[in-house]
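Now for the letters of each chain:
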Amino acid sequence: MTSPLLEVKDLDVHFGALHAVRAVSFSVAPGETLGVVGESGSGKSTTMLAVLGLHPKRQGTVTASRLEFDGEDLLSKSDRAMRDLRGRRVGLIFQDPLAALNPLMTVGRQIGEVLVRHHGLDKHASRAEAVKLLERTGVPDPLRRAAQFPHQFSGGMRQRVMIAIALAGRPELLIADEPTTALDVTVQAEIVRLIRDIQQASGMGLVWITHDLALMARVADRVMVMYAGAVVEEAPVDRLYATPRHPYTAGLLGSIARLDQPRGVRARAIAGTPPSMDQPIGGCAFAPRCPLRFDKCTVAPPLIPLGDGVRAACWRLSGEQA
Amino acid sequence: MSYLTKRLFRAILVLLGVSFATFMVAQSTGDPIALLVKANATEEARAALTSHLGLDQPVLVQYGLFLWRAIHGDLGQSFLYNQSVVGLVADRLSNTFLLALSAFAIALVLSVTLGVLAALYRNTWVDAAITAFTMVGLAVPAFWLGLMLILVFAVIWQVVPVSGSEEASSLILPAITLSMQSTARLCRLVRSGMIEVLNADFIRTARAKGLFEGRVVWVHALRNALLPVVTMAGLELGDLISSAVVIEAIFAWPGIGRLAIGAVSSRDFPLLQGTVLVSAFCFVVINLFVDWLYQRIDPRVRSA
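Protein chains in written order, with UniProt numbering: chain P, 1 to 322; chain R, 1 to 304.
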């Protein structure tokens, strides 16, 4: 196995009393796509922002026993060194491209400033390069479009601009935070194809955050399922969909409406709601909603290795069932 | 109709309204003849003066005549000074502009600097100190502040003149006094605008690009935070011109405000109308400028 590009071990994020991310561990190899799924508030985005040092120091506390990018420890890096890393070696794509772009700056400049900052290009050269990046991300008429403002673009085109910004630094790792959630279904497919094509061409590592399980099945190599700020299951994509091991994963997969289902069979929702994160969670966080809970679930389960790269945090899998 | 044409049309309507209102209000305050003639003047002398000044005509005719002349750049003769109103106003207007624009410049520089600092260091002692400063700035009446500044800087330390406009340094105290309220109001607007914008997604994008914090704050955040400030600043500049009345009185600054006060107390209708109309005209022009500026800054307005 190649050495991982990003390696995270026991990452915790606190916002005051709120324990948003709980002992999360994962790694991403070059050329690999790690899918991260979970419902809103499960800590998916918070985990990735924490890795990149994007939480304001005064608001959040980030701790980890290991946080390495390409073998370099990120926790001990200075603010300046993290800024050198972000935008250059790690690119980010956000969910809502309209909100994520500066409304008062032409898209050409928004792309170009990454090149000025990280590759030492002057304004003129960065502009020409920005046009090339727009072309590469499939924006028609890039020369004219570069001089326009975000509000003059459609949702899909804006997300292409966002991707161009993320690619401008020629990153080794791309973090895509629900890149297609805010888009029309037809546009979604194009954006997914674009990101995958770029990844295949450049061989960069990719972290794809989504709550769309059908999409995940198509894009990810490995999937990490998060619930209430913690990882409940991690598995290669085919294993996860074929045999989900954690009851929460099984519940998620069961809640997808399928066209090939017999008429009258309804998608099942998981009963209940996720726990509030500002109080300590005793035991398994999913236990209150779990159809399989038993007395052992009052103690938090560890991630149990189940072979073939599958890990799941459930006492039912530990072999000491009641 | 384009955005600016619409604004221009509205501006003309505003000027018409203002001219009519001042004309009517001035008419209703009393008879200027009583103030202009000696108490023992004959009835004939009074009548002669009345007809000479055109005051025997119906009010609407007087207004129409006034408007017709105003369009041609003639605001009539001052009863009091017996000079052309245009000449009198133009003479004083440059002084008022100098004072108001200086105060405006001070207000802009101070409010943006302090507002950004307060936002960046919100909920720290820096923010608390700046907020306290703006509270004082809003609460203290300009006439009192002016007197205190005169006492400290002109009387005790004697670093600037007490009043007048003979020396360049005479401008300092009245400009600072005048700017105080605007500084405080704009500062709060910059602070709240910056706090909002700093939480925006595109600021997170800017940081995700690895940009330096200086660029994030001063280029990406500030320009967006300034959008509401630009609108407000236009109103403030208009407000500064009218607030200058009080300040001019305290510092014996020979501006349009003192001219207007004199015109009110002596019922010098043409002069009063002239000063008000010219002030309103300035106000309208400033607002037109702000609309144009807004359009330059925010591309979304341009294409709307």
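Hints may contain errors.
Here chain P is said to cover these stretches of chain R; the calculated rule only asks that three of the stretch's residues, wherever they fall, bring their Cβ under 8 Å from a Cβ of chain P [to be verified]:
| hint | segment |
| --- | --- |
| 1 | 191-202 |
| 2 | 214-225 |
| 3 | 294-302 |
For the record, the hints were derived by calculation from the structure and aren't laboratory data. Predicted model only: the values in this text are computed from it and were never measured. All C-beta atoms in this analysis are idealised placements derived from N, C-alpha and C, irrespective of residue type, glycine included.
Are there three or more residues in the segment 294-302 of chain R whose C-beta lies within less than 8 Å of some C-beta in chain P? n = 4 at 8 Å, threshold three: holds.
Okay, the segment 214-225 of chain R and chain P, do three or more residues pass the C-beta test at under 8 Å? Check passed, 4 qualifying residues.
Stated coverage of the segment 191-202 of chain R by chain P [criterion: 3+ residues, CB within 8 Å]: holds (count 3)
In this structure, none of the earlier numbered hints is contradicted; all agree with it.
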